[in-house]
Amino acid sequence: MSTAQQAGDLEVRSLVRVFGTGDGAVRAVDDVSFRAPSGLLTGFVGGNGAGKTSTMRMMMGVLAPTSGETLFDGRPITAADRRAFGYMPEERGLYPKQAVLDQLVYLGRLRGIPARAARAEILGHLERLGLADRAKDPVEKLSLGNQQRVQIIAALMGSPRALILDEPFSGLDPAAIDGMADLLREHTARGVPVVFSSHQLDLVERLCERLLILRHGRVVADGTPAELATRGTVRHRLVLSGDAGWVRGVPGVRTLDIDGSAALIELSDDAGGRLLRSALERGDVHEFSPVRPSLTEIYREVAA
Amino acid sequence: MRGSTETPAWLIVTQREIVARVMNKAYLFGLLVTILLIAGIAGFFAWQGQQVDSYDVAVTAGDEPAASAVERAAATLRESGADDELTAHEVPDAAAARAALEDESVDAWLSSGGQDGWTLSSWREPDQGLASLLTPVVEQVTVTEHAAALGTSFDRLAAGGDLVTERLDGDDVDPGVLQFASFALAFLFFMGSIGSGQMIASSVVEEKQSRLVEIIASAVPLRHVLAGKVLGNSVIALAQNVVLASVGLIGLALTDFKAAVPAMTASLGWFVVFFAVGFVAIASLYAMAGSLASRTEDLQGTTAPMAVLLMAVYLTTFGADGTLERVLSFVPVTSIVSMPVRVLSGDAGWWEPVVALVLLAAFALAVVLVSEKAYRRALLQTSGRVGWRQALRA
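Here the protein sequences line up with chains A and B, keeping their order.
Counted the way UniProt numbering counts, the first sequence spans residues 1 to 304.
Counted the way UniProt numbering counts, the second sequence spans residues 1 to 394.
Worth double-checking, as some hints may not be accurate.
What the simulated footprint calls covered on chain A by chain B, stretch by stretch (three residues with Cβ under 8 Å from a Cβ of chain B suffice, anywhere in the stretch; the number is not a length) [as the list claims (entries may be wrong)]: (1) 54 to 64; (2) 69 to 83; (3) 89 to 95; (4) 105 to 111.
What the simulated footprint calls covered on chain B by chain A, stretch by stretch (three residues with Cβ under 8 Å from a Cβ of chain A suffice, anywhere in the stretch; the number is not a length) [as the list claims (entries may be wrong)]: (5) 6 to 19; (6) 194 to 202.
Simulated from the structure, these hints should not be mistaken for lab results.
Quick caveat, the model's predicted, so the values are computed rather than measured.
C-beta atoms are modelled at their ideal positions from N, C-alpha and C, and glycine is treated no differently.
Chain B extracted, bound-state conformation (with noise of 0.2 Å):
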């Protein structure tokens, strides 16, 4: 009976791993409220994007320079195509537009020829966009006033004094997006490997303290309870990321940063391929903390060191730039989050993931074998925490 068409043991062990997973209720809420939190995030921006500002300006009678900024800046506004309005409102005097800036009928004054020149008055804190708006359109004005005066025009002061930008590399990719990207890449992560991770833990402690590791070891060995620990857990960890990245792409697309997403879904590529490599490092340790454990009470402390490096992790990472992002994109572990970063910004070279992948690969090799042999070690000593240093010497 005891043939060879035989399941193997670790690929049993996976499939209980995985099966537990997904029927464990906590988990599923847990999947569901980030879904929920990403569609919520991407929801927003994309409202926010098509909310359109509208600016009711006042204007005192007879202030012919503050009336032709308003107008120029309307029609600046017009001319890009944006979807923000800007409306002068005329008012007889400055009485008045005090009190209609009281009772909310204009958002703010504008009026020119003060002490100090020009003055955009609100109730309360002036809107940031309408002053930016309003700062050039102010200053061309009274350009044009003093070139009036010194027998010129504005357009001869200013010719010539126009900037154009562009970028040689080919990519256009928005700093902004890529900012987001390693946000989300390193949120990614985190999430993913944090959540697994302490469920291997769990798992391995669970069955320590209830001694179904001593029924298991004595029938397969515990190589295999690893193997299938690992695998398990990454597969639901690397499923859980597509689930999200797509999520987050999906809802990247009804932004106003969808011409991003083809860029992004490159990147995200790379990054389910580190992150599939990688977590077998991390899901080793994982795996080896929990068997450090002697009862559930004491996994926090034996995962913490886990939780500290993780979260280095996901702090460097998406704040890094420059050297130091080229750096932490080929060392092992950040290289998950910092690679496809760099990829999505099109300066690394077609080699750099490559060599990062191979790095990351021979460091979760040699993980894998370390934790393992004292995973092995650490399993069937029942009494008490075992040491991170005990466990990992001979």
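If we strip away everything but chain A, and leave its shape as in the complex, we get (with noise of 0.2 Å):
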């Protein structure tokens, strides 16, 4: 394909989709906005009903949006855009009874990728997720793990421009978990946005440069893990070497356990320095240190 690959933000403002109407109307997604950054992972995290896969659906325009729009490359995407997309729907599916390549090639064409260059793409990806000799067999005869490669194998074909998938882990082993983040990478380095969806949460932490959750609907986390971290509440463990239950008492100190020595607390913005000027004062200090929350206690809290 073309080397000077376009890269450009996908944008997603204000979305909304209400299912069925009167009483018995369901936003399924409620005014969601976020930014898809070029050349980074993004994931999608949230309950089932979150609103994640209609997100996506109306992002590729397979399902229209009650209102709302999104953007490629700061302006409103177009059938053209989308068209150079690699898509990976929710529910797998393939023809069951065509061969692996050649639907590879159709699906390939239909994205107007010539049919020759498809197939030699096509059985480079096959090669590398080792599954060329199962090029001519049909797809119903591939196991569920593999007709997800080869799915994936649809998504990524032409260099896409922005990479959509829905669920791309799902029913993969650790190790091909490790195969296809590494492909993902590969795309991300070439400056295009991936957006995935998941609802393994220490997968999207380990994975995801920027993440989203999702629930009912609304955006109700966006930042990079680390952002989403601090925004959380920060805790602070405190080692000392005599008792620690003087601290239930200095002002702006908020005591959550205290365990003989070792104190875990929520302080207010100037606390830090008195708590430990009196700690000092009284002792030594063995450890005073920042406990991040991890993404599932962050998910907890914004999502219970």
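Mind docking these for me? Both chains are given alone in their own frames, and the hints should help you get the complex.
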């Protein structure tokens, strides 16, 4: 493909989708706005019915938004943009009776990749994913994991200008997850935005440069994993040489737990210095450190 | 790389539909069975046409009128050029005749002068062919006898009573052939449209169920996908009809109806043109029916109205004649069958198929536009079955 890949951010503004009418209407996506910068891996997290899939379908133009818009490279997205995107829908499926290579070439041609180029690229992908000898097999003969690999090839071929992948890691074993993550990073390295959804929090925390937590159709958290960690209530751990019981009385300190000489506390803005001075007056301080909440804790906090 | 020489999406879809269909073993098997069925029917008629009926008729000794009647019937058969044979066997008496019937050495026993006049006896059900062969002869023999008694002759009584038939429009199509043609065309129509229609519907729901349609819809306009499916399957349906019609024509040429082959060929030609246009409408409706289902299991329900419609067309067209046939030959969809039949019978003016074809094309266009909209609306709706009314609204 051409070397000058146009890198653009994906942006969603005030996206709303209402299913049904009247009393039974459900706001599946409720005023969702976010930016998926080019060259970064953006992860969608949220429980069932949080609005992840609907948001992605609207970004791909296969579901009409009730209101709001999607932008690519700073302007409203067009069909031509989307044609150059790689997309992996929520439910997996291909033509069960058609050979792997044939249907990937077909999907590639629909996206405007000439048959010959598509074939060469697909064979490369199959080789890399260990499926080279299955190219002529009908898809229904493949295991579910291998069918998923074929699906990801369908999304990745033709150097897409953006990737939108709904649950690309579900059903993969740990080794396959790492392989998939490497593949996705290759695409962010080319400078394209990659958006994917997952309900596996640890995975998202490990892989993503940007993270979005959705709940009941709304964005409840948006940022880098580090930003989200500081946005959550930061706690501190204090370990003294003597008993820590006196900490309870210090103004601006909220004590969460005291266990002998160790205390877990929340500090108001200026209480840290005051507390530390008092502690040093009473003896040694073995440890005074912030405790970063894990993503799971943040998720519980914002999505509870 | 995405240059102007790119193959248009509808053509890519068309190619896939054709290839997928031609590689489908179940489809090929079905087609083969149909071909064998048609060849078998033609073969049966050809075989039946060559069958020679030979009748052995017993006549009791001394029953002169009966012997003379069988003699005359045999002569009539020889004169008509038929291959059938009629042989008289003289038996001594009624008991011998019965015995011959029972041991099947004769087919029937003809006797005159009984209480009710003449009798044709068989051991089982009398052969109707033989009965209808003997009836006029018996009549003739009886009249001749009475004429002699009255002092005149049969020929004088029957003079001027010959009936000669003639047809003034110059066409000479056997009504049996016409009936066969309307049945054959209705059959081809029904087989082609229901078979290919179901294929379209299931290929649509296959893509919907697997969400492949979302990948495709984000790459190309769904209009192209529909066009490709309709075109690809129309090509298949048409090719299938050409193959079946050719097998049928070759079969026809081997039967006693071979004189009808040129007229049938012209009629089939019209049929192919009508079918090509009309199937576009049927295919679009089937694609829409497929898009209304969300799983393959729903297909039977969503395609049911189509099956009923096609069945109705099949049943009304192959039995229609007179004014009904004239009307049906202009009404879109039924015109696919009825107009070619009227062309074959020679009672349609040259402009009539043209007008019917224009009407059919207009109908097809309208159906395509409506179903295209419904197809797009229903296809991306993933929750549950969508009703016809719901899809067509707005």
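Do the hints match the structure? See the list:
1. Counting residues of the region 54 to 64 of chain A whose CB lies closer than 8 Å to any CB of chain B gives 5, so the stated coverage by that chain holds, three being the minimum.
2. With a cut-off of 8 Å between beta carbons, the region 69 to 83 of chain A has 3 residues touching chain B; three or more are needed, and the interface restraint holds.
3. Against chain B, the region 89 to 95 of chain A contributes 7 residues with a C-beta closer than 8 Å to a partner C-beta. That satisfies the three-residue criterion, and the hint holds.
4. Look at the region 105 to 111 of chain A against chain B: 5 of its residues bring a Cβ nearer than 8 Å to a Cβ of that chain, three or more, so the hint holds.
5. Residues of the region 6 to 19 of chain B with a Cβ under 8 Å from some Cβ of chain A number 6, which satisfies the need for three, so the listed coverage holds.
6. A count of 0 residues in the region 194 to 202 of chain B with a Cβ less than 8 Å from any Cβ of chain A is obtained; the coverage claim is therefore unmet, three being the minimum.
Violation of the numbered hints given earlier is confined to hint 6; every other hint is satisfied by the structure.
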